[in-house]
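Engineer: Sequence lines, in order, name chains A and B. Each residue of the first sequence is one higher than the last, beginning at 1 in the working numbering. Each residue of the second sequence is one higher than the last, beginning at 1 in the working numbering.
Think of the hints as simulated: they come from the structure by calculation, not from any bench.
Quick list of the computed label-pair ranges, beta carbon to beta carbon:
#1 B:Tyr117 to A:Arg13: 50 to 56 Å
#2 B:Gly20 to A:Ser2: 48 to 54 Å
#3 B:Val29 to A:Arg10: 53 to 59 Å
#4 B:Leu176 to A:Ser2: 28 to 34 Å
#5 A:Leu61 to B:Gly59: 42 to 48 Å
#6 A:Leu46 to B:Thr61: 36 to 42 Å
Bear in mind the structure is a predicted one, so any value in this text is a computation, not a measurement. Don't be surprised by glycine CBs; every beta carbon is placed ideally from N, CA and C.
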Amino acid sequence: MSAFAALLVRDLRLAGRGGADALTLVLFFVMVGAVTPFAVGPDRVLLARLAPGIVWIAAFLSLLLGLDRLFRADEDDGTLLLLRQAALPLEAVVFAKLLAHWLLTALPLLVASPLLAILLSMDMDVWARTALALLLGTPALAAFGAVGAAVTVGLRRGGLLGPVLMLPLSVPVLIFGAGAIAPGSGDAALLFLAALSLVSVAFCPFAAALALRVGSE
Amino acid sequence: MTDLVTAPKSNWVSRLAHPGNFMAWSRPVLWPLGLLTALVFAVGLWFAFFNSPADYQMGDTVRIMYIHVPNAWLSQFVYGVMVVAALGTLVWRHPLADVAAKSAAPLGAAFTALALYSGALWGRPTWGTFWEWDGRMTSTLVLFFIYLGIVALWRAFDDQLRAARIVAVVTLVGALDIPIIKFSVDWWNTLHQPDSILTPTGPKMPLSILTPLFVMMLAFTLLFLLLHLVSMRTEILARRAESLGRQAAAKAGSTAGAA
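This is chain B alone, in the form it adopts within the complex:
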């Protein structure tokens, strides 16, 4: 698989992205990255639980935000990663881009599900309902469905090389369509609920709330990077194991045929 790459490797990106090199450099990175993630999580959670004020309206439930917003951010960030990987698959036909796209999809679905779940838990005490057909929630739900569809598509193919290109097309179509979905859902929602309690009070946040929020967003992003690296390594190893198994089967078949 790896010796099919015939292009000269001059720049550092392609050197890093060569699957063999990737396996070599990613192994020593995993532990420090894991420790860093745990450290940032510890700092962020300490800020979130002990060193940030309770909201004067929402009370302590405002702390759900420190879980909810990072997950919502990742639900979109991971799709961005998948789009970049899809371009890598279609334009450069890079095997590592295939692997990156494949292992990002379930992670994105998981973060989106967590965003929806934590949002529901937050919505219950503040709005009195687990679910509201609000524009942002609805578009996140649709995004969740798109992730699940992409995961299902990956699993439907036997030939993962072919799957990568097909899924890349779907990912790019989704990337163009997601802004339209967001726009249409917002339009549809404002049609039904002109005044909403869900208006974002983002810019009005004080620094005491913004600091833990940003630390937690960094922590969750690091968590995604860590999980993505581990998942990519697993996928590469699984593919190697599969091709080794095929080679062994072919060899056994040829010796059996000769005998």
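Here chain A stands alone, though its shape is the one from the complex:
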């Protein structure tokens, strides 16, 4: 097994054994969506109109909430220090962790999104497009989040700072993600979303690795 795959499997296995963290995040995702009707009123037409946006906000918040876990545990027990000495370049290490993070946080949200669709009285095809947009857009969110997590990993009180830094940078993802259900330009938005994900997933591991390197000198 290559070092990359080993690292990926390690992260997945750790998450599987370390309790129900991923499930808690899904619970949070569903709860944010379920709480919104209390705030805007139970009008089904209004909810159906707002639903894709609510799903995106819920996913956005859930991913930001889970962001701190990306490097924190490894930093605390010294694993990150060992990984920096590994033969595998730090960029690849970050990419493996990013992949595991996406599989553990974004994918469960996608699986749980039909539940929100029912609660918010979404159409089937609107849900399908939203889910597709989430599938295409969440890698970009996770990649930006990886930079935020890498930047704040050395800080004791950095938990809130990473999201605050990365939230404005993630605005394009939200725009194209919510734009994916627009009647005329939805396909263009999906393509932009895919492009954004590809670029940021390719670029952000380098930025995150740089931040990890300069942060622990």
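Following the hints, position chain B against chain A.
Structural biologist: Okay, now just chain B, sitting in the frame of chain A:
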């Protein structure tokens, strides 16, 4: 701190950028620069208030532009300064680049806030609203958030040397992302408002309006340079005071330990 620099200083840039030299040459520059800024401001404001025509549609409110546009220009210019400083931090590890980046961030946030504020004041009489989710305003707001995030990041670190490199990474990521944000926000806006009253009539401006505008932009840019210099000097002095305090504490600690 300063005697750690071991590279030979051959060119004039590194001579000017040496923190000790910087403190020496920047002190006599401050007063003339301040006077020049005040002079250009006086000329610009005189043009803006007395020697430029009122717009035939907007009337006298067009004069808000002479405050608004320079601030909007600076909100982006200061980010450019921070990017150059971030490169200086990451590539050359120059201590003065750290200081330049750190003292530029709050200034950039302030100019961006002023641009948003003056824009809101201008928007009220001309468009009838303080805020519109227009592409340019939205991207300026996002830029403001980015500035605030960077300022918060600077303050979160105890070790300012480490902070400088980390913030430099964030600044560069932001620099790559800001064009994407601008593009996406414009795309998003045109989606909702195909025809907008906010279309820029820039090239149609007559010279009588352009002259005060450019003078005011120069004045605000000089103001930024002045404030940046003062802020950098303050930061260097603060760091020196801190390291002197540490030395004193270490000395007191060692004598107390010996006694």
